[in-house]
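Novice: The residues making up each chain are set out below.
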Amino acid sequence: MSAIAAQSTRREGFRFRRRWIGDVVAHGYIWFWLALFALPFVATTIHSLELPDGGYGFDAYRFAWGSFRGDLMTSFKVTGLTIVINLLLSVPAAYAFVRYTFPGKRALLSILNLSLYTPAAVMGLSLLITYAFLFHIPRSVTGLVAAYVVGSYPLMLIPIIVALRDLPTVYEEAAKTLGANRLQSLIRIELPLLGPGISAGVLLTFVIIFNEFLVTLFIAGPNTQTAALRVYGLTRTGFLPTTAALAAIMQFVSFLVVLSFFKFFGSRYLKGTYLI
Amino acid sequence: MARVRLVNVTKTYGHTVAVDNVSADIQQGEFITLLGPSGCGKTTTLRMVAGLIDLTDGEIWFDDRMVNNVPTHRRHIGLAFQSHALFPHMSVAKNIAFGLSVKGVDKKQIKNRVEEMLDMIELTAYADRMPAQLSGGQQQRVALARMLATDPQVLLFDEPLSALDRNLRDTLKYSILELQRRTKKTAIYVTHDQSEAFAISDRIFVMNLGRIEQAGTQLDIYLRPASEFVAHFVGDNNTLNGTVMSIDGVSGETRTATVKTSIAMLTAFAPPDIRAGDEVLALARPENIDILPNGAGAEGPDVLTGIVDQIVFEGPTVRLVVDVNGTPIKVTSSGHERLELLHKESMRVNLRLQDVTLVKQVEG
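Heads up: the protein sequence lines correspond to chains F and S, in order.
Sequential numbering from 2 applies to the first sequence in this note's numbering.
Sequential numbering from 1256 applies to the second sequence in this note's numbering.
To be clear, the hints were calculated from the coordinates, so they are not data collected in a lab.
In this text, a Cβ means the ideal position worked out from N, Cα and C, and glycines have one as well.
Don't take each hint at face value.
Said to hold, decoys possible - Sample of chain F residues lacking proximity to chain S, with all beta carbon distances greater than 10 Å (derived):
id	residue
1	Asp-24
2	Tyr-30
3	Val-171
4	Asn-182
5	Arg-189
6	Ile-190
7	Gln-226
8	Arg-237
What the hints assert, rightly or not - Examples of chain S residues lying across from chain F (beta carbon under 7 Å, computed):
id	residue
9	Ile-1332
10	Leu-1334
11	Lys-1358
12	Ala-1519
13	Met-1520
Said to hold, decoys possible - Covered by chain F, according to a simulated footprint, are these stretches of chain S (three or more residues, beta-carbon under 8 Å):
id	region
14	1285-1297
15	1347-1357
Start from the sequences and build out the full structure, keeping to the hints where you can.
Specialist: Below, the structure is given as structure tokens:
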């Protein structure tokens, strides 16, 4: 009796150990890749904390905030403007795509998405040529925002189309029967219910445009300096802790925006986009 | 409040005719039901009255105003949806207030009206809840309050109870009727549930394949179906093929006919279009067939003799199938005597058919 009991305990012990080893390997595998991905960010952050005397502190950040604040503000400004223009373009466009049928709808949607697949350098060069010959607005904030809009509006359009497809028409109909005109129904019913989709578009546009650098390199004028462009410029002359501080700040801003989106809306509206 | 008239209303989608030349004159304060199977065009008709679908042809009038080109939000209607359609991002109170607030009604007035409505549906304590926090029945009550808050002139119901469970459906259908009676508003109610239609309507319009098959009071539809479709869709008729031997009565309800069927000679109500010699269907409802005790009255007219084939106890009723010379006749018994019928298979019984009515056989 006791021999059998001892044997079964031993076997269970073996099973337990085997599962334990499996768990460790699985977790180790995940943590290995996580560490590998996080490493550049961690390295940048550590470098930004280094002081000239060999110690660690936040001096670089204080300096970066003073020196780069203007660049960061330019980044926020052009990103904000791009988001607003994208919204004004995409909400009506999404509405037309989802609620109406017209010939060539699918083809048009594919064409509208083309800018997502165009290499940024090609895009930057084409825009520069176009602007220089046609509009005479190269190397200005207007030109920069226009370039960003051309490159990024599908990022706004697609989540709104997805959200609008999910939104039953019955709410619009109910609003109509209760006496709401088109505009009232849009502002009080559809837009709030499309909130998550619109926020997803805002998030994607923000993350892409805030960190955009290649198109900026082509289009931005001598007086327009975005944070991303400044980081690029600075790295060519050596990698100082202050540059790392600016890079880290940009990383934090992007992380914060993405994390707060997930906190409020979850992952549903980002499916099919490059973030998930 | 308004009289609603549909004049030759037609809706086609490509080659498909969804609503085919429907006309109806609905009096002010009348409660009518569009009854029919799914796909019969009843919901399309209702949505055209609401202005949510454009007409292909025909006219819709509210009183003396043609509303074909009046957009939905200016029609002063209330529509109850199957899926209640409460705005998920607004509280109960905000939902009820919506119609008034888009009309620019004064805030204080809105508040009073919302309180009045909440009181009416007995959900005052739920004013600040979100729709998702309510039960199905509560949601539909809020939807009714929201639709009544703006005091619409026509009430439209698109199967508002079909998503609810049975007990709730029964309670709510009487609430709807009570609200309509109290407010004396014209109401059009769409349903595929005949008991709902019978319970609440002044008149029923039975629809099939985009057309109105028959319009009439509950009793008209129930006892005097005008077509084979109505006879089969409403209730559960026994159908016997027969030939009219003679017309006996004079006119109206006294116009009767003697019909020869395969199992018996029957006396039946004869609609005006029935002539002697016509091939007809004689219709007898299972619940209008009496089972005669102990073979009594076997000699009388309209009495059939048969053998009980099947007995199903359903609680309030007992359903029997009686074999009369090879023809199965369905009988429903609901009196106390039904309890004595249990386990009497193979018994010989006499049946007296009452309220038999005739419809012409469609050729082919």
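Novice: Are the hints correct? Go through all of them and say.
Specialist: Structure-based check of all given hints:
Every CB of chain S lies more than 10 Å from the CB of Asp-24/F, the least distance being 39 Å, so the non-interface label holds. A cut-off of 10 Å between C-beta atoms confirms that Tyr-30/F is not in contact with chain S; the least separation is 41 Å. In this structure Val-171/F is not separated from chain S by more than 10 Å, as the shortest Cβ-Cβ distance comes to only about 5 Å. A beta-carbon of chain S comes within 10 Å of the beta-carbon of Asn-182/F; the shortest separation is about 5 Å.
Under the 10 Å C-beta cut-off, the non-interface status given to Arg-189/F relative to chain S is violated; the minimum distance is some 7 Å. With a cut of 10 Å on Cβ distances, Ile-190/F falls inside the contact zone with chain S, its closest approach being about 6 Å. Even its closest Cβ contact with chain S, about 41 Å, leaves Gln-226/F beyond 10 Å, as expected for a residue assigned away from the interface. Under the 10 Å C-beta cut-off, the non-interface status given to Arg-237/F relative to chain S holds; the minimum distance is some 50 Å.
Below 7 Å, beta-carbon pairs count as interface contacts, and Ile-1332/S has one with chain F at about 6 Å; its hint therefore holds. A distance limit of 7 Å between C-beta atoms decides the matter here; for Leu-1334/S the minimum to chain F is near 4 Å, and the interface restraint holds. Look at Lys-1358/S: its Cβ gets to within about 5 Å of chain F, closer than 7 Å, so that hint holds up. With its C-beta approaching chain F no nearer than about 53 Å, Ala-1519/S sits outside the 7 Å limit, and its interface hint is violated.
Because the closest C-beta pair between Met-1520/S and chain F is about 55 Å apart, greater than 7 Å, the hint is violated. Taking a C-beta to C-beta cut-off of 8 Å, the region 1285-1297 of chain S contributes 0 residues in contact with chain F, too few for the three needed, and the coverage statement is violated. Remark: the region 1347-1357 of chain S is confirmed as covered by chain F, as 3 of its residues place a Cβ nearer than 8 Å to a Cβ of that chain, reaching the required three.
Of the numbered hints listed earlier, those contradicted by the structure are 3, 4, 5, 6, 12, 13, 14.
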